[in-house]
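Starting from the given sequences, assemble the full structure and let the hints guide the process.
In terms of the numbering used here, the sequence shown is residues 5 to 364.
These are computed hints drawn from the structure, not numbers from a lab. Don't take each hint at face value.
[Said to hold, decoys possible] Simulated restraints, written as ranges between beta carbons of each label pair:
no.	residue 1	residue 2	range
1	282	36	42 to 50 Å
2	248	62	41 to 49 Å
3	186	92	17 to 25 Å
4	54	208	20 to 28 Å
5	276	59	37 to 45 Å
The beta-carbon is built from N, C-alpha and C at its ideal position, and this holds for glycine as well.
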Amino acid sequence: MASSNRIAAYLIDGQIVQSMAATYFRSYAASDIEGYVAAFRRDGFVVIDDVLTSDECIASCAEIWDYLERDGKVHRDDAASWGNDSWPREVCRNGGFVGRFPFWKRMKKLEPTFLNKQPQSWRNRQNEVVYTAFANILEADQLWVSIDRYGVMRPGKVAHELLESAVEATEPNKNLDWTTKDEWLHWDLSPFHFGTSAAGFLPNEELGHVREQYGGVRVQGLIALRDCPVESGGFHCVPGFTDDRFFNWAKDHEHSYGSLPEVAARNFIEVPKDDPMRREITRVPMKAGSLLIWNSQLPHGNFPNNGVDFRMVQYVKMIPTKDKEFLPAMKLSTFDRTAWFPADFTPSKLGAKLLGLDEW
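Given below as structure tokens:
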């Protein structure tokens with residue numbers, strides 16, 4: 005379905021919200037707990053409005069630009085500097101993730117992550133509205149928060165216009181080929197053995213068999229730091245592909261796709277290119293300051309930015325402390341509060357508990 009607005013949206017259950025400039029996915033007020041919990045249970049994901057203020061979004065975006073500009077090659081006001089020759093290599097090509105994958109061993113090397121230079125990102129992790137949303141979805145008050153990354157996607161239409169104006173326009177120009185992966189659909193939770201990524205957390209070395217531990221809901225999330233209409237790229241998923249659909253798909257593919265060595269050994273699983281579920285992919289455009297939480301059983305990914313504005317988000321996850329698969333990253337033996345935290349950031353009482361510094 006397409007709207008008559010400048011931007012089209014892909015919808016389910018007639019869920020549509022329109023503004024003067026764009027069409028956004030159905031979202032819920034942070035006070036509408038019953039509404040957003042019901043939507044999450046029905047669809048496997050939900051968008052919650054206004055978890056960050058405008059000022060908090062602006063401060064977060066400024067931190068992304070500080071990271072991008074740190075080598076003096078990229079300039080936020082000069083589109084000609086946004087090409088691949090200048091763009092930081094650490095920004096993941098597939099999804100626009102800022103910095104290296106936050107596997108726990110890499111957290112020992114803080115400087116490349118820029119974590120200790122991003123006070124607003126830490127404030128967002130301990131934000132009470134964000135915490136309350138996760139707590140309601142997970143039906144648990146005692147949570148730990150991930151140390152995750154920002155995400156940025158360059159505007160594809162700008163690259164196209166630069167390419168058209170270039171002298172070498174008749175030749176392939178890899179410097180201006182910055183579109184992220186199209187139709188990217190995956191799980192960070194293996195449907196076959198239930199192993200999941202330790203991104204942003206510390207794995208519990210004392211954990212037994214993951215399959216025996218699995219049972220609770222695992223979730224992931226992101227916060228939109230700018231308006232993210234469809235043309236700016238963003239999150240997409242297969243709504244409702246949780247619980248029975250997830251487990252039945254795994255059973256049907258366990259001895260075929262699931263038995264491939266490159267699939268069986270991984271927690272990150274790509275959805276096969278010819279799988280019929282791809283016909284159900286739904287795009288989820290979001291307003292700045294809104295929070296998206298999705299069930300890790302949900303096939304999901306990012307679609308490219310073909311617009312004129314940057315897409316900027318912050319990824320964040322929370323897990324109940326009773327789920328023993330992971331521990332807070334702060335439990336690292338090498339953790340040093342003065343090294344990890346920016347000089348102008350001090351965890352709040354809630355933040356200290358979410359980060360594992362204080363007991364619940």
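Comparing the hints with the structure gives:
In this structure, residue 282 and residue 36 break the distance hint of 42 to 50 Å, their C-beta atoms being roughly 32 Å apart. One distance hint, 41 to 49 Å for the beta-carbon pair residue 248 and residue 62, holds here, with the actual separation near 43 Å. For the pair residue 186 and residue 92, the beta carbons lie near 22 Å from each other, so the given range of 17 to 25 Å is met. One distance hint, 20 to 28 Å for the beta-carbon pair residue 54 and residue 208, is violated here, with the actual separation near 35 Å.
Here the CB-CB span from residue 276 to residue 59 is close to 44 Å, well matched to the stated 37 to 45 Å.
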